[in-house]
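Residue numbers (the working numbering), protein chains in the order written: chain A, 1 to 336; chain B, 1 to 336; chain C, 1 to 336; chain D, 1 to 336.
Note that these hints are calculated values from the structure, not bench results. Keep in mind that a hint or two might mislead.
Copies of the same chain look alike in the list, so a pair counts if it works inside one copy or between any two.
Within a straight-line C-alpha distance of at most 20 Å, the following computed SDA-like cross-link-like pairs (lysine to any residue) qualify [what the hints assert, rightly or not]:
1. Lys131 x Val168
2. Lys89 x Ser35
3. Lys44 x Ile2
4. Lys202 x Arg155
5. Lys131 x Tyr177
6. Lys73 x Val42
There are 4 protein chains.
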Amino acid sequence: MIIQLEQDILPGQLAEVQRELEARGYASTEVKTQSQHYLVGVGKKPVDIRQIGTLPGIRDIHRVSDGYKLVSKKWRVHDTILDLGDDIKIGSGHFQIMAGPCSIESEEQVSAVVDHLVANKVKIMRGGVYKPRSSPYSFRGLGQDGLKMFHRLCREQGIRIITEVMMVEQIGEMHDYVDIFQVGARNAQNFNLLDALGEVDKPVLLKRGMSGTIEELLQGAEYVFSHGNEKIMLCERGIRTYESAYRNTMDINAIAMLKKMTHLPVIADPSHGIGIRAFVEPIALASVMAGADGVIMEVHQTPEKAASDGQQTLNFVEATDAYRRIRAARALWEEF
Amino acid sequence: MIIQLEQDILPGQLAEVQRELEARGYASTEVKTQSQHYLVGVGKKPVDIRQIGTLPGIRDIHRVSDGYKLVSKKWRVHDTILDLGDDIKIGSGHFQIMAGPCSIESEEQVSAVVDHLVANKVKIMRGGVYKPRSSPYSFRGLGQDGLKMFHRLCREQGIRIITEVMMVEQIGEMHDYVDIFQVGARNAQNFNLLDALGEVDKPVLLKRGMSGTIEELLQGAEYVFSHGNEKIMLCERGIRTYESAYRNTMDINAIAMLKKMTHLPVIADPSHGIGIRAFVEPIALASVMAGADGVIMEVHQTPEKAASDGQQTLNFVEATDAYRRIRAARALWEEF
Amino acid sequence: MIIQLEQDILPGQLAEVQRELEARGYASTEVKTQSQHYLVGVGKKPVDIRQIGTLPGIRDIHRVSDGYKLVSKKWRVHDTILDLGDDIKIGSGHFQIMAGPCSIESEEQVSAVVDHLVANKVKIMRGGVYKPRSSPYSFRGLGQDGLKMFHRLCREQGIRIITEVMMVEQIGEMHDYVDIFQVGARNAQNFNLLDALGEVDKPVLLKRGMSGTIEELLQGAEYVFSHGNEKIMLCERGIRTYESAYRNTMDINAIAMLKKMTHLPVIADPSHGIGIRAFVEPIALASVMAGADGVIMEVHQTPEKAASDGQQTLNFVEATDAYRRIRAARALWEEF
Amino acid sequence: MIIQLEQDILPGQLAEVQRELEARGYASTEVKTQSQHYLVGVGKKPVDIRQIGTLPGIRDIHRVSDGYKLVSKKWRVHDTILDLGDDIKIGSGHFQIMAGPCSIESEEQVSAVVDHLVANKVKIMRGGVYKPRSSPYSFRGLGQDGLKMFHRLCREQGIRIITEVMMVEQIGEMHDYVDIFQVGARNAQNFNLLDALGEVDKPVLLKRGMSGTIEELLQGAEYVFSHGNEKIMLCERGIRTYESAYRNTMDINAIAMLKKMTHLPVIADPSHGIGIRAFVEPIALASVMAGADGVIMEVHQTPEKAASDGQQTLNFVEATDAYRRIRAARALWEEF
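All chains should be modelled from the sequences, with the hints used to inform the complete structure.
See the structure below:
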């Protein structure tokens, strides 16, 4: 059950609502986000919500019986729009391409990608400075210094930044240099990190776990939302299956399904999703047709020489073709 | 190694080629199909194919080192086109929608679907008369009588028929009433059935196994081709994964990949692929963008009352919308 | 619902029972096996079975609401025992090791294995004469001639034979030379083959499909049983997962669970289950502790030279050690 | 490559070794653990290790070409033994049962379990005070206060404690109250947490990820080891597959295989592994036969009333039987 509270609800009124919930066997959690004030009620017995809905201080009340609540589509009239400024928006009809290298490597590299993005009217650049690596002996990214350089070069051209955060301690120092915090597949159920990102007023892109269910992805988002941050998008990035012909099995079913289950934007990551350069574009196009609100892609001036795995990375020529086709597919999808 | 032989090769010439292969450690299999005559050589040592290619009776020779040979794209200049007559073609630029119920139930049902297909310019009707069912106590289809009725009603309107064959013994009696033999996921590695369908001069649609690899699907097709039948299409119908939110996980990656690996047409089955009515259309559209040469869909006048599972079946109104959008997506894809 | 009928039930009495079932919305299937006469009722409404149970000609009646009926443990007082003669029994406390090569290759090979089995008091030899192979160009077994030789050499020493049958047409010619018909993983849902094996009076070992569920395995057995053959055992042989460190992921959970769900014997196939020679023994031991009624293993005098894949095959020394430990583990398990 | 250094190696000698490695294209990482001093060399070119091995300050040098190094079995003569004091040891022939509730709930609960463990000579108690929960609205454990109570009650009876740590910040406050830090499946690739646990001088039990590969599990352990902590055990707790008959699919293959790949102890978690109470014991027995060095099980005085999921939890009577059989199976295994 989700109760939308009036912004000027009095403490006594709030306590009264909580008492009424408790009397009906419902535990309640108070949630204050950037834009609203909620009570989330969790319980099992059927309740006539009209009895509670008339209490003072309540704006609206909704029955949501799923494991996830605030991120459910059932109670929100409109889909979420994430606004990054300068008319760069994601969700509810607004589509964005995000592109860039796996890892931030150097000024030369970032500059080249930024120029490529500007030339192609792509507004958001991806690039890792903290890299989760299977082996402790691998390159783990340029860290905070790399992020500052990344930020400086993007700001000059109005490009927004999405980059991965791996631990609670990094959030503070990264905050001012990041436009979207990305949570990687390996941290999809790092609940402390999700809690902490719930206290930040910046968008968060949550990747589905290596073998995360759709329900788990939504519950991960619920962690962020219920700690106060409504600015969330979800990202399908391929799952583990028995098929070894591709790196991961991009699950386009999940995109179609998430669009019916949640009001949050859904992003497709075909680069990790299939993990093979030649198939990034067709999988991106397929994702658009399944309803994705955006695509995040790996692009590098020389994929063969990329610091991190370049096998799934497009060069500028391939990427330019892909952007054009992705936009054409999106335009057709909007006509439907 | 694939050796294309001249149609008028003399027995002595053929024996000479086989001897030369054997001398190089290659076992050879002779394959005669509707249109060509081949030797398939299987061996491990590197061979200079030019030494063999100049022998009399050989038209062309190609190195194909994959587990599958004749179905590989490596040696064929053009993709396969399946011609069902009256300009109904599949593959190499020709796209077809196939639609119809899970099971053939009655004349009324078939007539209604046929009218719906004619009205929507769909040329091929699907419908099962032999149904593989998990439980021995379930309805197993109308059998041969149902097929004859199905055939009669389709022929009147020029509609082609695709239906599942489950065992070698059925092939003979079904032959004259079928335009495309379908092999279901459960028989994807029923090698005796594949052998027998290799001796038929009708197209065969091979579904991927429940958890079949792409390689296994291609090798299944190799069984059919190497027994003499070049008229094959492959069908992605969803795989088994840990995700239980949908019936199967439609693997759109496979469509994109198969199109690079084989010259055979690739068909998408979104109805079984995701198994939920609301998502059949977006998954069909996604499949088209990944390069599918056709879509096979379940359609029924009253899905709620279908004899077999109607949960994944569109009604006529939904289907009509879906056809239109699928064709629009295909038209865009052809522009790329 | 399972109704055990009296052997001397009169046709009129049977018809009466069927009418009563129908009146309650239950479809009924008559099943006559080697030892009993049943009606299987399938319906959805709750029925007071006592009302039917008193009709003349009924011996007993049981509620079984699962998708599988006759193979369920719910109605059988005792677990099934398969009796191969000479006190060679499987199930309900009787444990058997079955061992032998992947493929039958030659008289020398069979003789050597038979001697090895006799020396180790193993009573049942495995060995394929019809081999399901991914590629149409691979060796597909010695066929019927190989089977006759296999049979002759085993008979002389009192060894029983288990071998794979791949198609309905093979059953007749194989029948007199086989003690246990094996259905391979690829044919686990070849329902016509299962139907036909239901009409044979020889034990059938059913392997779980590549990615078959436990429920599907039981329903496969239900096909055989409901066509008249009660002599069935089930075999866990590994499933497909994302883990590529082994060939298949032996699912020992399934053994423990099947033992609670069905009265049929459950056999473990560690050779295919994990597919790596060094781990066949520990997985066999683990299977015994999970309750397996038998183990089927690949053994060859020179695994390195085996005609079919020898990577999972033990040599005689390794096998001899394994038998001893398997029996010790079984002896301990029986004490529990 | 692993280079074991002399404890009294001089800085100049160390620098010389690093220079020689670099000259051969090898990056080196210095690792100082509780007991030893290493250089781990990572590179691709073949090197004659004898050329380096004779440099002053080197005790021994080993070629290890796997993705994981220090945790590999290839270079260690003896398997790792974890010593918890009072002759409570794990690994290399020492077997331990760890048992206790999913969550620590109350003094009464802990006392009852402690008494049960003492009566059964179980030396290590499990119990969560920080619980990773899919939903943010679920009970997340008693936290640090619960841990102190848990510790106090166990210490009185000489019982050791294993409990889950979820984030870097918790390590410090938990340190003095914990005998074994457990890293849960959801944090299996939380590399920052692994790094931090590498700086602690307490044993760490690493659970395999929900769909983690064996290689990833070993690389997770490599993170801990390479940051200085050699006291690690690995834990198989079931993986995600398509089979929904059990909660997870306990992968006993992994136990057998890990025992050949690493010198670290391997623990089986049948409670989470299969997730169904009736099958915890057979899966535990199977794990012992596959070579596990210990079993971790959920036990509760009243599983039906457990704060966290009690569906996989044994009561004291069931557990007492299970301990006895597990020890008997282990005794047999040691005879082999």
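Right, here's what the structure says about each hint:
In the homo-oligomer, the alpha carbons of Lys131 and Val168 lie at most 20 Å apart both inside one protomer (15 Å) and across protomers (18 Å), since each shortest distance falls under that limit. For a Cα distance limit of 20 Å, the shortest separation of Lys89 from Ser35 inside one copy, 17 Å, qualifies, whereas the shortest one across copies, 55 Å, does not. For the identical chains of this complex, Lys44 and Ile2 are intra-copy neighbours only, at 14 Å inside a copy versus 38 Å across copies, given an alpha-carbon limit of 20 Å. Taking the closest pair of Cα atoms, Lys202 and Arg155 come within 20 Å of each other only inside a single copy of the chain (16 Å); across copies the shortest separation is 46 Å, beyond that limit.
Proximity of Lys131 to Tyr177 under the C-alpha cut-off of 20 Å is restricted to the intra-copy arrangement: shortest distance 17 Å within a copy versus 32 Å between copies. Proximity of Lys73 to Val42 under the C-alpha cut-off of 20 Å is restricted to the intra-copy arrangement: shortest distance 17 Å within a copy versus 40 Å between copies.
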